[in-house]
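Enquirer: For reference, the chains in residue letters:
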Amino acid sequence: MSDPVSALPGARYTGYVTVAEAGVQGMITLRGDPSADALRRALRAAIGADMPDRRRIVAGTAGAVAWMSPDEVLILLPHGEAARVVAQMQAALAGEHALVVDVSDARAMFTLRGKGSGADVREVLAKLCPVDLAPAALPAGEVRRTRAAQAAVAFWIDAAGVAHLICFRSVAQYVFDLISLSARPGAEAGLFPDP
Amino acid sequence: MSHRLPSGGRLIDRATTLGFTFNGRRLKGYGGDTLASALLGNDRMLVGRSFKYHRPRGIVASGPEEPNALVGLGQGARFEPNQRATTTDLFADLVAQSQNHWPSLDFDIGALNGLMSRFLSAGFYYKTFIHPRAFWKHLFEPTIRHSAGLGRPTSEPDADRYEHLYAFADVLVIGGGIAGLQAARTAAESGARVMIWEQSAHWGGRAPVDDPDVEGMPPDDWISATLHWLRAQPNVTLRSRTMGAGVYDHGYALGYERVTDHLPGLDAPRHRLWRVRAGRIITATGAIERPLSFAGNDVPGVMLAGAVRDYVVNFGVAPGRRTVIVTNNDDAYRTAITLHSAGLEVAAVIDARARATGDLPQRARSLGIRVMTGRAIARVRGGGRVTGVDICQHTGTGAAGALIACDAVAMSGGWSPVVHLWSHCGGKLIWDAGAALFRPDPARAPTGADGAAFVAAAGAANGVMRGAALLADARAAAAGGDAPAPEPEAITPVWIMPAAAGPGLRAKMWLDFQNDVKVSDVQQAAREGYVSVEHAKRYTTLGMATDQGKLGNINGLAVLSDAQGAPIPDVGTTTFRPPYTPISMGAIAGEARGDVFQPLRRTPMHDWHAAHGADWEPAGQWRRPYCYLRPGEARNDAVAREILAVRGGVGLIDASTLGKIIVKGPDAGRFLDMLYTNMMSNLAPGKCRYGLMCSENGFLIDDGVVARIDEDTWLCHTTTGGADRIHAHMEDWLQCEWFDWRVYTANVTEQFAQIAVAGPKARDLLQALGGLDVSSGALPFMSWAGGRLAGIPLRAYRISFSGELSYELATPAGHGLALWRALVDAGQDLGVIAYGTEAMHVMRAEKGFIMIGDETDGTVIPQDLGLGWAISRKKADYIGKRAQERAHMTDPDRWKLVGLQTLDGSVLPEGAYAVTDARNANGQVVTEGRVTSTCHSPTFDRGIAMGLVRHGPDRMGEVLRFNRVDGTTVEARIVDPCLYDPKGGRQDV
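Top line first, the protein sequences correspond to chains A and B. Just so we're aligned: 80 in the numbering used here is position 80 of the first sequence, and the numbers increase by one with no gaps anywhere. Throughout, the numbering used here is defined as the position within the second sequence, counted from one, plus 1000.
What the hints contain is simulated information worked out from the structure, not anything from laboratory work. Just to be clear, a hint being listed does not mean it is correct.
Claimed, not checked - Incomplete in silico selection of chain A near chain B, CB under 10 Å: (1) Ser-104; (2) Asp-132; (3) Ala-136; (4) Ala-140; (5) Glu-142; (6) Gln-150; (7) Ala-151; (8) Val-171; (9) Pro-185.
Glycine included, every Cβ here is placed at the ideal spot set by N, Cα and C.
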């Protein structure tokens, strides 16, 4: 059998920010009542993480969980683990009103890496996303679902100032091209000071 | 003569000489010049021609209000028309040319229009080109279009790149004069996140030219100290060369940053559009000086008084050697004093007021400048250039007295606050009769979602022109509270000069320099009954040029109010709309051009299709192969080849774009029974069923196959275009209407690559891959099974849109290309081919299957399409059921679906109507049907079609006439829509 292929294997552009496709990434959509014990137990058993607070992403022992909406989270884990964890969680949640579905292949993921603390990464995203990217308004570990120009995306910025951006697989090339264009040298706007 | 002074010019660097080209002539300027100041420094006063009469036009202003000095800038792919010389920073080797002249700027044939001005008065076009009617389309409009417009755009693609930038602020200050700087400082001191924009390259506005000091400091020192402080604050963002273009609801504002206009060719975005949300917006946009309306006020050499001193102080350029100043206020005396201090001759100050006793007039007199009060300019002498002015009594009719020779006239009719940005989002104005200006009415500010004002005006933009009062006003705008009342302006309104001027002079008083609108035109509009200022504007074209009346509008409406005998505030202003000055199309488009003009969605097999001759068809934002062209093959031939290959063997189509939505939960069955017209709750796990979805109004909106995955999970297939729309439709009903139903949905469209394997040899092909049992016993028609083929995980759905034995294989997208390749490789012996959307369309038409968007158009219900079998009669309700019971929906006269076959075998035209011999009350042909799908069928080797026909199913065998574009008709017989394998044996084997 063949290995699964990501949307843009190896795609990479280095401008004043470097954008790179992150390869295959396991993703599971979990919908349910986030306060329900069964859901929390299933999540903890599956990846060792607690339910994230509103708009947060939290790391577990075997993956991470990102808040998506009041009744939906996105579980991030190694691609090869997704099918097994979906089955495990579906079994754990049998009889509960919850939805566990593998969406690993429906998405593409990119990382945006800058030179300093991430001020340049925030600026490149601000060219495409109508989001207040000031560090005080969007601290590390906070997830935003928004758009990049004309495509739906979600992203968060980690403690190292690296942005992780998820879009639908079909628009991966468009999103990659958009970010590359916005990161082209000469387009530095100096929106955020780099302390 | 306009000329460069031997010294001075606070913004220029005389050590940096810049060569540039204007109308092919090589000229020189200095670093820091604008194109306008450099042209004046080279005695190039004449810079263009007006729009209507092609009158010679000189530089009037020094900023964005300039109506005349519009040039074509750059060359080739970087050429841009209508660029204002006054806001264009000079750079080395700049190339500019004047506009609206032929054959040359100095000798222009269009100027003959000026001789015709008696006949080209207000409303000329409306009155002249009405009769005869046919002439408009064939003669008048083409001729007018030929002469319309100023600059001509280049035909080459723009060589530059552009971008947007989203930003947020608590307080956005628009305008970087001393009021804006003070407001920004006050706001920043409170801890707010502050952004401040200045349209020019220089901070401080007019203060360095006009004010002796700011808070006891030389203005330049105050400005640099304030800038120094602001730049040190982490909560302040300063942008120069960034114009506030528009203010919109909810604190949204657009800023137009000209990043590299002054550094062309630099590898950087040329313009950046700032898209900002601000908690509050402070408009510190300054004021614009008004011209005075005297005869010949458009002759090159007549300039705004403020601009004259700008050129002297900022650029060391004098518009003339001997200048006459004409005014109705004290401020213009600053120009007299500035010129005198620079060693230039001031011939006289002509002051329309009876007395001028303020400090500035007295200082002018003490310098020995001749001040003539109660006087006016009767007319300006000179054609291409001012040579002198005739002086008269201001209160009289213009009987000329003394002639004063001069080569420049500096005029000032007072200052109008720039209220544009205040007004964009609904801010209202009050007329301040004492100061003769419209100012923002703080009681009627633009309001936000909470009902509170979100825009405040500060400084000159608020009618507070200078000094301590201006700074206090700026602090109040930023911090709240009231500012002390400013000193009243020393001004007497003058709208026509001289006051009792007769028709001959009024026809030479320009209000709008670019569009050639004169006092006489506005008065004529009033006489002809144009009461509304908006109507008078459109009738006369006052303020409709590229400068949008920044100089002329207030004067024009004052003339209108005088002609109507109505007070100025009753006449009101025209509407202020964004952008403040024109912004580039590139800035508006931002990144959206070329490859990223819009998202182009690709399936996992996209590149394979491209490498195998895909002739693409857009399907929403997807691209799907219409057919696969082999070398030398025509489209029709490719489609026919693909269809025959499927019908005779096996073919593959990439169906990944089909929508796939998971619906799960204890109430999922009940939910789907409401969503679809037929039953889905009783579908057994492992089975598939075709379903229809209707809107609340009963109209068919989508169709597709539903597969039951397990006890409480269903997978709904939608059309390609319906994936997002139907998912939203589901969530709408779940979130807004049936919020207590326990159902979750997930749109998994992109999780799966989907491949339809169709044709009598489809099973052979899958068996060649090995794995999943795809025999008719294990996987009968309208069922599904999960497993592996060639080791690739997938689900196989036994469903058919082609009428052939068919499997749709869904595999995780990351395996899509591998599965496709495996099928192509394993199918070589079976003659497998890839087929495109057109082959799919034709095959489904041969089967009589409907297509959403062909057979449906938002007005069609399932009953129209003979789909009654897919409407459950057992269910109490489904979305659309009640609507379908309305009288119009059950009308037996509704057009219904039938097949159509031309008697001559030709292909019916798309959308053709079945015509009758009857005519309706309007004399139109009565129709009784229309074509919904039509194509050539390679299977039957003839044209086939479907259509909606009145009483169609009851009229089998009847022949109808369908119209063609060439006016003839073609006959077609009503037949059953399903032509191919009506019993369905081929798909169920």
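Enquirer: Next, verify each hint and record whether it holds.
Expert: Results of checking the hints against the structure:
no.: 1; hint: Ser-104; result: 7 Å, holds
no.: 2; hint: Asp-132; result: 4 Å, holds
no.: 3; hint: Ala-136; result: 9 Å, holds
no.: 4; hint: Ala-140; result: 18 Å, violated
no.: 5; hint: Glu-142; result: 15 Å, violated
no.: 6; hint: Gln-150; result: 5 Å, holds
no.: 7; hint: Ala-151; result: 5 Å, holds
no.: 8; hint: Val-171; result: 5 Å, holds
no.: 9; hint: Pro-185; result: 7 Å, holds
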